[in-house]
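Chemist: Based on these hints, arrange chains H and Y on the given structure of chain V.
Residue numbers (our numbering), protein chains in the order written: chain V, 18 to 493; chain H, 3 to 97; chain Y, 14 to 496.
Everything labelled a hint here was simulated from the structure, so no lab data went into it.
Check each hint, because a few of them may be wrong.
As the list claims (entries may be wrong) - Computed list of lysine-lysine pairs in DSS-like fashion (alpha-carbon distance at most 25 Å, straight line):
(1) Lys94(H) with Lys146(V)
(2) Lys31(H) with Lys312(Y)
(3) Lys222(V) with Lys259(V)
Claimed, not checked - Some residues of chain H that are not near chain V, with every Cβ distance over 10 Å (derived):
(4) Ala30
(5) Gln42
(6) Met43
(7) Leu46
(8) Gly88
Glycine included, C-beta positions come from ideal geometry on N, C-alpha and C.
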Amino acid sequence: MEWETVIGLEIHTQLATQSKIFSGASTAYGAEPNTQACAVDLGLPGVLPVLNEDAVRKAVIFGMAIEAHIAPYSIFARKNYFYPDLPKGYQISQMDHPIVGNGHLDIEVDGVTKRIGITRAHLEEDAGKSLHENFHGLTGIDLNRAGTPLLEIVSEPEMSSAKEAVAYMRKLHELVRYLGICDGNMQEGSFRCDANVSVRPKGQKEFGTRAEIKNINSFKFVEKAINHEIERQIELIENGGKVVQETRLYDSAKDETRSMRSKEEANDYRYFPDPDLLPVIIDEEFKAHIKANLPELPHAKKLRFKTDYQLDDESATILTTSRALSDYFEAVHKASGCEPKLCANWITGDLSAALNKADLEITESPISHKRLAGLLARITDNTISGKIAKQVFEALWQSSASADEIIAEKGLKQITDTGAIEAIIDKIIADNPDQVEQYRSGKDKVFAFFVGQVMKEMKGKANPAEVNKILKDKLA
Amino acid sequence: MSLTANDVNKIAHLARLGIDAQDTESYAKDLSGMLDLMTQMSELNTEAVEPMAHPMDQAQRLRPDKITEENNRDKFMSIAPQTEDGLFLVPKVIE
Amino acid sequence: MHTKSLSELSHGLQTGEFSSVELTQAFIKRINQHQDLNAYITVTEELALQNAKAADARIANKKADALTGIPVAQKDIFCTLDVKTTCGSRMLDNFSAPYNATVIEKFNQAGAVMLGKLNMDEFAMGSSNETSYYGAVKNPWNTNKVPGGSSGGSGVAVAARLAAYATGTDTGGSIRQPAALCGITGLKPTYGRVSRYGMIAYASSLDQGGPMTHSAEDAAIVLQTMAGFDPKDSTSVDLPVPDYSVNLNQPLKGLKIGLPKEFFSADLNAAMATKLSEAIDEYRKLGAEIKEVSMPNLKLAIPAYYVIAPAECSANLSRFDGVRFGHRCENPVDLTDLYTRSRGEGFGKEVKRRILMGTYALSTGYYDAYYLKAQKIRRLISDDFKRALTEVDVIMGPVTPTPAFGIGEKMSDPVEMYLSDIYTIAINLAGLPALSIPAGFINDMPIGLQVIGNYFTEAHLLNIAHQYQQVTDWHKQTPKGFE
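Chain V extracted, bound-state conformation (with noise of 0.2 Å):
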């Protein structure tokens, strides 16, 4: 028989805030045990929550991006169950009335665009952590994450492969970061990702009985848990099996998932409206003001970069993946006043290369927009030849100096004086006889060596084009 795949994502993004979504505490990550969990957070008797505006704020950024309706009243509710790293006993969250609704986000696999549709988006605040380092054999717990503000964003099951299901995570991944308000460390759990899995036979209407699968929190484990899972349910069902609605938890280490039975105990977790908090009202002016200094979003900025700067799909879609890299290019572009497509080349080229090897950050460039700008615009007034450039480029990498000064120093300036280079024609075309007369009787690829024979004499400094006209007219 011929499965099919349905799959739905449950993102939780850690919201970029300063403190917490209810209380002033600090959300910074990696500080001691439980100092920058405030009495609010700790769910002492008698603490409020007061809603922090930044997480609002980001919340809206968020569902603009993804073009969805923005709730003019959202509601927050309590879900109540009992766990040590909840400590009122209720996670404040939304449930009824979130503040984002119907949105899409559009994913690209194997040169194919295919929409996907977001459900949803409420904040909610994250529990802390439970440490189960052997304290003679009772757990520890962490609640400074408690009350970190969270967006959970709630894909529609639209999704039909772990390759879709990947692609949407890093598109929501590189969005979030885009926007900046997330900063996606997925190490430090700043994104985290549940996948509800079911498979259907091939045309069948009704969705499969569906499992979750926990906190997969890698793009690589992601493809593989899925894939996993996929494999598991349909084994299952073709040997007379049922998949049972449970929660799964992935391990890397097996490549497995595995049932957690202890979460699956009768849940009901009795939301309703918290009675501390009252309802969010996002108006037009809260939403104009978010509007107006709304980043341009990718799209539109590929787009926009398509058109304007001439530039190939592929460049256009590298260059806008991240605010910083869109920034940079623009601003070389601007300083040097050079070719686009040449500030693209460059950009997503050597340096890209150079920053991936030294796992750097496009903000943590050695080379500045300026620095970089100063060479582009060497090569475009003919100083310096494409492959003295990459020298240029291999000594702005290393020191702080202009690439004026570099070229100086070095002495790379290109040589364009029509006497010098003939010179040295003359003297190769008189050393070579047999190849002069090679090229004569009609062997063009010999052309390729007095090239090289002048360039490696004037060592790369010679004007190509030059180097070419002058060679060509003397062997005629």
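Modeler: Just chains H and Y, lined up with the frame of chain V:
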């Protein structure tokens, strides 16, 4: 509407509330009495009525995103039943 | 000294007639003499004397406020820094709060002297102060009778002059009902007028703190200190606090008083009806017009309240889990055992009943029939009040169905107990302000008259109460043995 001892045990488990076995019946009786009181509500048709969660007809106030709280761990730990190395301790959590 | 009004006390302190230390010592002596009333859970003698010394210094520097140096007792529901804060529960018997409630901060800033923490029904759940882990509180008018609840310790502390004034909290009548049964003045302000930060929550959308005093004049002074916007409470209202004392002497001519026919039906106790009509006659003499109003949905207030309050409390009390503070059972074998035993041992029977009721009302399959239905009825009741308050300025009625009942009389039947809240809880559902003032005696036990106003009309309610207290002396009566 009346609740059985078994119902009470189920609700008590949801609320993680220990109840002495000999009291279960009396809770069942008390809760059933409360539920009888509540059946009066169903006599009124409220189909078109908007539920009222809160007496205040106001919007949630938003707080500026500022860190206002300092580390007060020692104070908080001093009132906790069991702690070690700045952590609250609980019986082993099995995932 | 202990019979003086707050303004007389303030005057005495500022003119040097007596010092705050002397005044404080006098009250502490009375507290010790009348321990059998069980009004206090904790007496903070040392702290009180420290406060008093500081107050005397402040008075000497001519920097005194209206409450500087005057001894207050706080309901044990307000968190007090480094002072045991129990909420009347075994769960918090070992809980020394690591911070002050906003209300406590305000009293501290005013230079008030805190005598201690007052007994109350466990987690404010009760109408007789019999559910306290620390035992029942006795009514000074007859020590076999209940003082009302949940702010029973507050009612008794004021009535027996064991504090110059006290604070209370009111979720379904918990200020007004003990005020009525103890013969004192109690005001539940508009929801949002007094900060709830640091006030241990019972039902968050209903809870409101307020003053419990001898007179409306005193209540105005105390509310002046308690009221005000608090950025730490999302449900606190950012409105200026008016001067509550300035209009106390406004004449009441032309005041329109509404009497809901549902309050004055045949069900009302005959003696109570007589006393209330006498009180209303006084208002007629003061120039008020009396009008009947109707609020048809009032009868559903009790069922709606006993869904909503338990639902909210079932979540509010989940934080008491034996992990970070409060009672923890011995040697828990696993997490579930830690939770169920700590909570099972820490909470008393009435609290458990309400947690169970609330959990049930919110659970899958019952939410719509109970919780949602109750919220809709809440809307209808609120609309009834809004409509009535367009026809009249204030609504008057009884506070309790009868005077104080006997200790132990209603403990076996929770529903019977809940019915004693019948005249007070609708006001909390609507979030309106209301006060209870002494309006006479039935069989030597005090009863109260309830005055309900529109949102944020506390100053007007106090004026209406004060005018009555100018022509009556019910509020000046003192129980025998406590003069």
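Chemist: It remains to establish, for every hint, whether it holds in the given structure.
Modeler: Hint check:
For the proposed pair Lys94(H) and Lys146(V), the alpha carbon gap of about 13 Å is at most 25 Å, so the pair holds. Our distance criterion of 25 Å between C-alpha atoms is met by Lys31(H) and Lys312(Y), whose separation comes to about 23 Å. Taken as a hint, the Lys222(V) and Lys259(V) pair is honoured in the structure, with Cα atoms around 18 Å apart against an allowance of 25 Å. Consistency note on Ala30(H): stated as away from chain V, and its beta-carbon is indeed over 10 Å from all of that chain's, at 19 Å minimum.
For Gln42(H), the non-interface assignment is confirmed: its Cβ lies about 21 Å from the closest Cβ of chain V, beyond the 10 Å cut-off. For Met43(H), the requirement that its beta carbon stay farther than 10 Å from each beta carbon of chain V is met, with the minimum near 17 Å. A cut-off of 10 Å between C-beta atoms confirms that Leu46(H) is not in contact with chain V; the least separation is 21 Å. The Cβ of Gly88(H) sits about 4 Å from the closest Cβ of chain V, inside the 10 Å cut-off, so the non-interface label is violated.
Violated hint for the displayed structure: number 8, the only one.
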